[in-house]
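Sequences listed follow chains Y, G, B and U, in order.
200 is the number that full-length UniProt numbering gives to position 200 of the first sequence; each next residue is one higher, with no gaps.
5 is the number that full-length UniProt numbering gives to position 5 of the second sequence; each next residue is one higher, with no gaps.
5 is the number that full-length UniProt numbering gives to position 5 of the third sequence; each next residue is one higher, with no gaps.
236 is the number that full-length UniProt numbering gives to position 236 of the fourth sequence; each next residue is one higher, with no gaps.
Treat the hints loosely; a few may be bogus.
The list treats identical chains as interchangeable, and a pair is accepted whether it falls inside one copy or across any two copies.
Unchecked claim - Think about it this way: if two alpha-carbon atoms lie no more than 25 Å apart in a straight line, the pair counts; the simulated DSS-like pairs of lysine-lysine are: (1) Lys226 x Lys356; (2) Lys178 x Lys264; (3) Lys215 x Lys81; (4) Lys178 x Lys81; (5) Lys76 x Lys222; (6) Lys51 x Lys265.
I should point out that these hints are in silico values taken from the structure, not numbers from a laboratory.
Below, each chain spelled out in residue letters.
There are 4 protein chains.
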Amino acid sequence: MSAKIKVGVLGATGMVGQRYIKLLENHPWFEVTYVAASPRSAGKAYKDAVKNRWLIGENIPAGVADLTVEDANDEKKALGKCQFVFSALEMGKEEIKALEAAYAAEGIPVVSNASANRWTEDVPMLVPEINYSHLDVIAEQKKHHGWDKGFIAVKPNCSLQTYMMPIHALIQAGYPVKRMVVTTLQATSGAGYPGVPSFDMIDNIVPFIGGEEEKTEKECLKILGKVQDGKIVNAEYPVVSSTCTRVPVIDGHTACVSLEFADKKPSLEEIEKIWTSYKSVPQELNLPSAPEHPIVVRHEENRPQPRRDRETEKGMACVIGRLRPCNVFDIKFVSLSHNTKRGAALGGILNAELLKAKGFFDNL
Amino acid sequence: MSAKIKVGVLGATGMVGQRYIKLLENHPWFEVTYVAASPRSAGKAYKDAVKNRWLIGENIPAGVADLTVEDANDEKKALGKCQFVFSALEMGKEEIKALEAAYAAEGIPVVSNASANRWTEDVPMLVPEINYSHLDVIAEQKKHHGWDKGFIAVKPNCSLQTYMMPIHALIQAGYPVKRMVVTTLQATSGAGYPGVPSFDMIDNIVPFIGGEEEKTEKECLKILGKVQDGKIVNAEYPVVSSTCTRVPVIDGHTACVSLEFADKKPSLEEIEKIWTSYKSVPQELNLPSAPEHPIVVRHEENRPQPRRDRETEKGMACVIGRLRPCNVFDIKFVSLSHNTKRGAALGGILNAELLKAKGFFDNL
Amino acid sequence: MSAKIKVGVLGATGMVGQRYIKLLENHPWFEVTYVAASPRSAGKAYKDAVKNRWLIGENIPAGVADLTVEDANDEKKALGKCQFVFSALEMGKEEIKALEAAYAAEGIPVVSNASANRWTEDVPMLVPEINYSHLDVIAEQKKHHGWDKGFIAVKPNCSLQTYMMPIHALIQAGYPVKRMVVTTLQATSGAGYPGVPSFDMIDNIVPFIGGEEEKTEKECLKILGKVQDGKIVNAEYPVVSSTCTRVPVIDGHTACVSLEFADKKPSLEEIEKIWTSYKSVPQELNLPSAPEHPIVVRHEENRPQPRRDRETEKGMACVIGRLRPCNVFDIKFVSLSHNTKRGAALGGILNAELLKAKGFFDNL
Amino acid sequence: MSAKIKVGVLGATGMVGQRYIKLLENHPWFEVTYVAASPRSAGKAYKDAVKNRWLIGENIPAGVADLTVEDANDEKKALGKCQFVFSALEMGKEEIKALEAAYAAEGIPVVSNASANRWTEDVPMLVPEINYSHLDVIAEQKKHHGWDKGFIAVKPNCSLQTYMMPIHALIQAGYPVKRMVVTTLQATSGAGYPGVPSFDMIDNIVPFIGGEEEKTEKECLKILGKVQDGKIVNAEYPVVSSTCTRVPVIDGHTACVSLEFADKKPSLEEIEKIWTSYKSVPQELNLPSAPEHPIVVRHEENRPQPRRDRETEKGMACVIGRLRPCNVFDIKFVSLSHNTKRGAALGGILNAELLKAKGFFDNL
């Protein structure tokens, strides 16, 4: 069938929802046909619901501007209007959890950006290059809930994306990582809109992001986990200690990483080779949003920089620079990724592309 | 004698030089009577030499505006016009080294902000709260050079100041520190003027500062060293690994620190007590620029922040927040200091106050 | 009586309320003894009500930190606890109007920062240097409402303060101004907290501030009006056309002004003389917050600049630079004032000082 | 002939030079085959000459990275290596003037971004939509100098571009403009690299740009001039008064404009219609860099904004918002253009495209 898959966006008026709509504008497989948000926006044309606060580039994509916004709390409204949904809901964790389940129960798969279901045991938390095999738990998830076609898949916290692929590449190449100390300098778009007040971001940084460090330290281990008996068993390593700070940057999280290998220690040359040759399932499947090179290594002494490097590989690469020895651990480096592309909406779209390619959207 | 000591400022037109002039405006002991800079400025009234680029607050201090700028390369010009000098010279390292020695040879003590003499064996690199005892090498320095009244004392790199006092406090309390991983987020004023282009600091950070990480990792050990046989013998610990980044902040360096103790591990409560009760010689001597509390601990979850906390204790405190366990090392915390006050000019002035109080400026 | 006057702050947890509390910390005449805010904060200690969001410098003034926040909607709570109040209320215009009247009716004078009563006919909108004579309408106001001791006095919009004193100085010197075109570049603190999102203020400006241009164009004429028969009769000139923009600056509004004189045209030298010699009642009365020089003229080609010049004269001066001929009108210049000091809280305090000095707080 | 025209870039290592190289990366007509800069860079591979300071996106275009940089002062080096040059020279005005003439004398046309030849009587200062007819003076220019194939064409100051097309559209529609008061908020990229120090652009604006106001006020009249007897005769109107300020924005100049018509006054509706239907020769010729809509009108109350709107129509549109009556003149509006695309390199490329389409590059 040549027609595109019909897609809904939940939380369509928020920053991540808008980003989904923008990034899906000319998507080869998916087409936004349904938008839902809070009751306050329900009933309005999308263009009126985001009037004076369209955040992504100059214009709302033409096909979406005139869609009527529905109430995201009413999952039945979506029936027949879209085949699966991207969830960019912004509400309480328990509410999101219940609502995502309600969509799944109606037979509508949910590809979620929210943190609510990240720790649900049978919900895969996907970085397609790393843990595509976690898709295997979806069958168990469906069975457990008695869901027929619907299911839930999530993506991890945006700040992790900044360094998980290079870590995975090293582990996979036979160099397990034991411990890491990470400091992140995170962009304000990560907090949504209105998000961080300008009063806090002019001539200032804020050395704290609520809940971020805990997420970072924990989610890492689930992402690197293995599927056993229909469940994801977390990895034990690496142990991560992170400090997350907010800096006056629009898009692009930067991570300063020091790490210690568990046993063998590759040379800097080997590491660079491992990173630049890193490819995985999304590249093999040639998924539309997959970066050709998931990891890009730069040699300038002062890179990566958010404004210059965030758009590398359509905003889907992890850009690394300053690889050098660490005199406390083994190596240190600086890593960067686009938090609202790789780290949020485009990462979610890549998840959906993987699900589609693996047949999870057949027969919807 | 009630009259103030006459002071010269070398490199008086640069940002640190201007900061010295501003901070000495109403100093109880010192009075700026001599300003020197590059030959390009020599012969001009100071106010004309810095016309349209006075950087510190709205106005040039009245007593200095009309001084004639002299050529800093000619140390003999300073004779009779000032009793000691602050060096904020901006030129090649070897040139500065030779020039500071030339002033000392003329009997003019040099209290320097420059990095040129930081590794000269018999030159003390002072943080008065930590290593006042290093003043003992000055006698050796004079003897070695055959200098009568002149000598050189320096201060360390500004970024170190952000966390050296808390480390010293812990060591002194019986908890030696073995290893530290530090990431700094440094203010642009640290690069002088014009310094970092705005093109690099709008919607951006730069994860690199030339030479800074090396300085940070090494200077730490000299500061914590001991005087033996008229020389400073460096400490062996802590081993420091640092990543230094530049962020869009005017003043105030922030450091994210993870550290491991060598043997005993104090509780978080003990650490806070050690820090808040930390006092040293500058406090005992009641030096004019000494902070009453060199270390200030904050309990808000999102502090310290540069714009809000940098002026704590006249810009001379190290402000610490977010003290918490580290799951890789023992503890982590965020620390902040004012890089052009504690970390540069006011730190230099405190050094001079210590020297004065200890009699090093007698009989000039 | 030597004791200070007891003062309440309504809207004490917002940005302007906090600024009042900070600026009154060591005020010679007034002492904050009462703080009130929304019901959400009522009952908490002030320090807890603003926990993690104290915005002005590092610490809450000691005397206020432990005050219990009362519900600002209940004017009777203030009885006996303070003699007059500063209103920094943030709610709907009609609610503020009713609430300020309720306080006045209880015998508590209200010195307001809010816009609600700016166009109430018998409420003076004060810039003490300009229209101290408008105090004369207070007697009429009290009579009209049957208020005994209470009354309301307000201050104008912050952006006007940036250029009203220089305009008034010219008019008063015999050079009435006919027309003005003004573009303002306004600081984000003018929008309160959280106020303008950082997403809008990084690598961006916003050429619109809701309602600001209309206020600017109208309020000017009331400020310059005359009292006739107990009422303020607005001036007819100057006609003002303004464009108000928001820029990434913490404090300090800048105005670019082109103006045309009504008849006689002073030389640039005369204008400078008029401005630098401008003094008025606050200076004659030596009010504690009055600037010695309400207008300061700078000659550097690139000044005034917000970060460098906003603190001039304790943040109470209008700082002018770039005075030059205009080839469309007569002259143009750039003018700057501190929007949260002169333009908000300290301007309000100066109003209260004028009221006190003129006997309006006697017998409270 | 299907091969592309070979192009040189003078001043290739500066910000505008880099922008030219990036924008010509996949140009359908032109190909960069020659790069020249100061003697300091001469002899180096281009990628080494801009090492650690490549400013435009992440990578140097592949075809240019390995070109050897030549000394721009030696025009003979360019012979045979390129057919015409873009001049983005950064040196003294008289030097540029002489050097551009030297290239022209060698038969190499110069399409210049520099201001040196803007006031040369027989050099056209082109905004292709407005004054394509000024190309007629080139014949005279060649004759006067005795140049065979070479000639010089320039573009105006970037800040003018922000509002010249809408003004021209109105004039052309029969509504001549008499007077304008303009305040610009200009991006820092306009000052090149390193350009404006970050110390001046954090929590600050600078209300002055050297020479900019004079250029703005004068160049306007040449652009709108007519060709008579082989020379450009300047227009007499509009009289412009401008204030130019620098704000912390990377790219995108904003202009706040108030204007008075000379006689007839169109309605706001008519004006919008004039603007949105504005087309000219570049659109008719379908030049590769011509915007389909040179003027774009937005209706949101808070637009245009630099970060959101600068890329409109590939960065070649003038984006207008906030069209409304002015109570001093007739109308006011806010206008925005991309200063390093429309206002610099891409504007220069459009000039070259016009020259090519009109046959000025035939037989080179």
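Cross-check of the supplied hints:
no., hint, verdict
1, Lys226 x Lys356, "within (22 Å within a copy, 62 Å between copies)"
2, Lys178 x Lys264, "both (11 Å within a copy, 24 Å between copies)"
3, Lys215 x Lys81, "neither (34 Å within a copy, 47 Å between copies)"
4, Lys178 x Lys81, "neither (48 Å within a copy, 56 Å between copies)"
5, Lys76 x Lys222, "neither (32 Å within a copy, 57 Å between copies)"
6, Lys51 x Lys265, "neither (54 Å within a copy, 31 Å between copies)"
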